[in-house]
Amino acid sequence: MKKSSDAYERIYALVRNIPEGKVCTYGDIAEAIGSKGGARLVGWAMNGSHNANPPVPAHRVVNRLGQLSGKHHFPTPTAMQELLEAEGVKVKDDQILDFASHRWKPTLS
DNA sequence: TAGTTGACGGCCG
DNA sequence: CCGGCCGCCAACT
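1 is the number of the first residue of the first sequence in the working numbering; add one for each residue after it.
No wet-lab data here; the hints were simulated from the structure.
Careful, some of the hints might be misleading.
What follows is a list of derived Cβ distance ranges for each label pair [said to hold, decoys possible]:
1) G27 - G48: 17 to 23 Å
2) D93 - Y8: 29 to 35 Å
3) R40 - R16: 19 to 25 Å
4) K90 - Y8: 28 to 34 Å
5) P55 - R103: 19 to 25 Å
6) G88 - Q67: 14 to 20 Å
Remember, predicted model here, so these are calculated numbers, not experimental data.
For glycine and all other residues, C-beta sits at the position ideal for the given N, C-alpha and C.
Assemble the whole structure, with the sequences as input and the hints as a guide.
Structural data, given as structure tokens:
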């Protein structure tokens, strides 16, 4: 099923590869898929993740500041923070604590 | 068909 | 140090 939106599918695969308790930034993902600088594209992909199968842990994806910039897109504005804390990631005021330590480098293998 | 937006990032002033 | 602008790819209006 190759499609022109190949990058789109790569993003899903990448985000699904993020281990629990780890987070990643849009820029890192964009670069990992070969669209360095296309961080916005990653955001679009996440937008479609609502119908993706298997579901994409978009809650592990945050902006480069470690802020839950996309929490407003979740079923509930607190779902993202709850999910992260449930995996061991402390979140305060929409900001991931010790973000650098939880940061994980995406790999497509 | 063309213009604008979008869960961002980096560079320049 | 802080603010503003442009660039990335795709989708929506």
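Against the structure, the hints:
| no. | hint | in the structure |
| --- | --- | --- |
| 1 | G27 - G48: 17 to 23 Å | 19 Å, holds |
| 2 | D93 - Y8: 29 to 35 Å | 32 Å, holds |
| 3 | R40 - R16: 19 to 25 Å | 20 Å, holds |
| 4 | K90 - Y8: 28 to 34 Å | 31 Å, holds |
| 5 | P55 - R103: 19 to 25 Å | 22 Å, holds |
| 6 | G88 - Q67: 14 to 20 Å | 18 Å, holds |
Checked against the numbered hints given earlier, this structure breaks none of them.
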